[in-house]
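Engineer: Sequence:
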Amino acid sequence: MTRIRLLTSLVMAPVAIAAILLLPTGWMMALAAVVLLLGLWEWLELSGVEDSLARSALLAAHLAVMVGLVWASRSGEGLSLVLFLLASFLGVAWWLASLMWLRNFNFASTPDGYSRMIKLAAGALAMIPAWAAVGYIHGGEPHGDRWLLVALFVVWGADTGAYFVGRRFGRRKLAPRVSPNKTLEGLAGGLLVGVGVGLLVALSTGIPASRLPGLALVCVVAALFSVVGDLFESLLKRHAGVKDSGRLIPGHGGVLDRVDGVLAALPAFAVGKAMLGL
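Sequential numbering of the sequence shown, starting at 24, is according to the numbering used here.
Hints in this document: simulated from the structure, not taken from any laboratory. Glycine residues also receive a C-beta, built at the ideal position from the N, C-alpha and C atoms. Any given hint might turn out to be false.
[Stated by the list, open to error] Across the chosen pairs, the derived CB separations fall in these ranges: (1) Met140 <-> Gly264: 18 to 24 Å; (2) Ser138 <-> Ala83: 18 to 24 Å; (3) Trp94 <-> Gly237: 29 to 35 Å.
Please put together the full structure from these sequences, using the hints given.
Structural biologist: As structure tokens, then:
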């Protein structure tokens with residue numbers, strides 16, 4: 024499984040990097056919308072929406088919100104990023120609130136209409152702010168594409184570091200009821216690798232060294248948020264009684280299994296970047 028996981032990553036990573044560096048912001052947001060809506064399809068299934076027509080309608084509703092945000096952000100000078108930043112703030116608020124849900128594992132675990140509605144709302148608060156953060160980061164000047172690349176490498180580095188450090192040194196469980204395989208040692212390793220990789224990518228892409236102290240802080244916060252996103256998806260899967268969110272990506276499960284950390288990390292990175300003026 025590790026070999027398949029690695030080979031799949033070696034294919035997906037260059038494609039993602041090329042898209043970030045070569046596509047204009049509008050097309051990058053369109054691509055991000057496709058990926059996140061695929062993840063939302065799996066989220067809806069985990070939430071108990073089994074009917075394909077109902078899921079399609081909900082996807083269309085989320086797409087309409089995305090289109091509405093773009094339409095409302097038009098200006099004579101191009102695309103304003105204010106609404107995308109506000110949506111990112113909303114995402115950060117949601118992920119902070121989700122910590123209480125993670126502490127209360129049984130909340131909304133019953134497969135009924137009440138739990139389904141709560142999880143549907145959670146899906147909207149996860150997907151739309153993450154998509155808006157893509158637009159805010161990539162559309163920022165100068166070199167928004169490089170900043171988005173740094174943000175994603177923080178998540179990828181944190182996920183990879185936590186996986187290998189946790190397997191080798193993991194002893195103390197991080198959240199045994201939510202994700203039994205995650206450990207505090209893996210968390211520490213993931214933070215070190217994620218922040219280190221993020222700073223190295225920043226330097227290699229020409230981001231000024233003077234911004235590295237502030238960027239290091241943003242990377243730490245983003246890496247921590249990525250763990251929250253990962254844990255929350257694990258909670259959804261445990262409520263649904265499944266191991267993976269889907270089977271689309273060999274060795275990785277579904278799309279949601281790959282973007283769970285990104286959903287939480289990107290709004291945090293966008294907000295941190297804005298607040299520190301990076």
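Engineer: Work down the list of hints and note, for each, if the structure agrees.
Structural biologist: Hint by hint, here is what the structure shows:
| no. | hint | verdict |
| --- | --- | --- |
| 1 | Met140 <-> Gly264: 18 to 24 Å | holds (20 Å) |
| 2 | Ser138 <-> Ala83: 18 to 24 Å | holds (23 Å) |
| 3 | Trp94 <-> Gly237: 29 to 35 Å | holds (33 Å) |
Consistency note: the structure conflicts with none of the earlier hints.
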